[in-house]
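Novice: Take a look at the letters that make up each chain.
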Amino acid sequence: MVGIKTATVEAAAPRSTPTLNGVLRLAGWLAVTVVVVVGLWQFAGMGWISALLLAVFIASTLLYWGSYLTKRIARAVLAIFIVASGVFFMVRLLPGNPVDVYIAKLTAEGVPYEDAAAQAAAFYSFDPGTPMWQQYLDYLWGLVNGDFGTTLSHIPVLEKIGHHLPWTLFSVGLALIISVAIGLLLGMVMAYRRGGLIDHSVSAIGSTLHAIPNYLLALIIVVIGGVQLRLFSLSDIRGTYTAGQEPGFSLVFLQDALYHASLPILAYVLTTVGTWALIMKASTTQALGEDYVMVARARGLGGGRIGAMYVGRNAVLPLVAQIATQAGFVVGGAIFVEIIFAYNGIGYALYNALNDRDYSLIQGLLLIITITVVFANLLADLSYGLLDPRIRTSGKEVDS
Amino acid sequence: MSALAPTPGIPRHGLFYRLTRNKVGVAGFVIVGLLLLMTVLAPLFLDSTIPGDAQATWQAPSADHWLGTDNAGKDVLHQTLLGGGTVIYVGLGAAAITTLIAVVLGSLAAYLRGPIDSFLLQTTDIVMTVPQIVLLAVLGSFFQLTSPTVLALLIGCLSWPILMRSIRAQVLSLKEREFVEAAKLLDLGTSRVVFVEIVPNMAGYILINFIIAVTNAIYALVGMYVLGLAPLAGANWGIMIRKAWTYGAMSLPEGTLFMMAPVAMIALLQLGLIMLTRSLEEVFNPRLSEG
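Sequence order for the protein chains is A and B. Going by UniProt numbering, the first residue of the first sequence is number 1, and it counts up by one from there. Going by UniProt numbering, the first residue of the second sequence is number 1, and it counts up by one from there.
Derived by calculation from the structure, the hints in this document are not laboratory data. Note that the structure is a prediction, hence the values are computed from the model and not measured. Heads up, a few of these hints could be off.
[Stated by the list, open to error] Label pairs and their computed distance ranges (CB to CB):
id	chain 1	residue 1	chain 2	residue 2	range
1	B	D187	A	L197	54 to 62 Å
2	A	R193	B	A63	49 to 57 Å
3	A	G173	B	A63	48 to 56 Å
[What the hints assert, rightly or not] For the chain B half of the interface with chain A, some residues (derived, Cβ under 10 Å), not all of them:
id	residue
4	M128
5	P131
6	V134
7	V138
8	F142
9	G223
10	G228
11	S251
12	V263
C-beta: ideal position from N, C-alpha, C; glycine also.
Could you put together the complete structure from these sequences and hints?
Specialist: Structure below.
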């Protein structure tokens, strides 16, 4: 199974509720982030990405100074910086780099070299006459100001990404929530009734579905559900919403968006729910054997309270840690699934950009995907700190 | 009778007994064994060029063509039987590279600690932020990845960080044992202590993770083929799916088998590999099955 780790959770005295302090701190963090983002973006005229990064940085240093989170965020910024640099040099130093190819293509069409170079510079937002290090600094400065260049169809890259990213976040996020919720419940039931019918059948079905790559499951859904059984019309369900629908926050549109997202979500959920259930089963089984559970039973507490407060809260920790490591995998796998269902998300956009050799768009998409994964990791870390008091108090990272 | 019954928990039987104790694992061995056998034997008996017949495209299953024919009139059954070679070769190759890098870096990082350890951990952190499938897709479109060996190398070099971290965690606990202490006192040298004394103790763990790495590599590889990011030369399961997809085989009743046969093969191979790790776990970690 991809990345099932048996993370050992040492016996921790269960905390009945997350401390008020922790909740307030997280709320404060969110508030400061939002205020600073809006301030920098709307009033200081910064690009939204740099505004977001800066805001997260300011809010974290203000409210989590000295905790492991500051270190974590510094690392996240470093990762984004390295990926940005890697993409820059990859595009320019590869054999047959896109800029030369583009200039060659234009000159072959009869455009004078100077004009061709100027057009290429406009596309890739750099001036071929300047030295490499200056191009690099210009590129980084552009990124900080939210300038990612323009696509081959003359749309700013960020605007283009803005059309696609919400759909991926919507479908993948919803799928993750559904999958984790079902997996959590199934896992707990499996652990409570170990060796029972539910345990065996969920284990068998879950690991079978997990073994099948998600894009092949998507193909199977299309062929069997769409063509053989005609459960849905393939031409209707393609895309992110029905043509002619007006995007907006109306019930009709939401319904339509859900209808179009249902097949990708089905593919994601079916392939991942078994893994979540197995992880949850393992950690619940372990939590059930702890002394404090026995003490809680001896105190005569109700089964529901023990299940939720003593077993569940401790058993869910490894699951949260897994969500962080799976974020990249889920976003990566979305490329394949989105193409099969022609779902107009970020993977579909990347696929088209790769086919069109639209390098500034590829560059931008790679960066956005990285930032999404980094941000998901950060969110998981924040909630992890909220769930596990040991991380808050010890003030340093738990060594994996 | 009951007095003579052997006490549970102590292995009394040989390797074969423990390998065959788990029924799911045995089924996995059988599936993977049959698929490997098929891949090795098929080129010896079948014409690997698979002649097409332009008069007989999209045929329904018949006595001549058990699974029908594809868009170029090629026999689907032949393609399916012959199509495992590249997939299995790249899967094994990429997994071997991943496992090698992860074991070497992971065990050295845990044994040496200090700046090397923290540098390697930072590196894995950064490599893990870029989804490897995305990077693979981008690199696949920049370079012409014509050779399966290059594909295996690329997939192998991109997917080691997660395994490296768990190997590191294993070595961290192993290196506190007495035999490691003894080896250090004998002044056997870092590489000898790490690779001769410590690593063999993780053989089972490494083998199981190697097989999981094979399934991940096949996932990435077939995904590249389905996207059309790897060259469509020759015939393998991934290319068959790609062709079936682009030629609209799924809307033709006769074409369904052309798409579903390779899908079934890949799913079966992945499932078989996952299933046989169950048996391996039984052998290397007998306590698991009692829990």
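Novice: Now look at each hint and say whether the structure bears it out.
Specialist: Now for the hints, and whether the structure bears them out:
1. B:D187 / A:L197: 54 to 62 Å: 58 Å, holds
2. A:R193 / B:A63: 49 to 57 Å: 51 Å, holds
3. A:G173 / B:A63: 48 to 56 Å: 51 Å, holds
4. M128: 6 Å, holds
5. P131: Check passed: Cβ of B:P131 comes within 3 Å of chain A, closer than 10 Å.
6. V134: 5 Å, holds
7. V138: Result: holds, 6 Å to nearest chain A Cβ.
8. F142: Holds, about 6 Å.
9. G223: 5 Å, holds
10. G228: 8 Å, holds
11. S251: 6 Å, holds
12. V263: 5 Å, holds
Every hint from the earlier list agrees with this structure, and none is contradicted.
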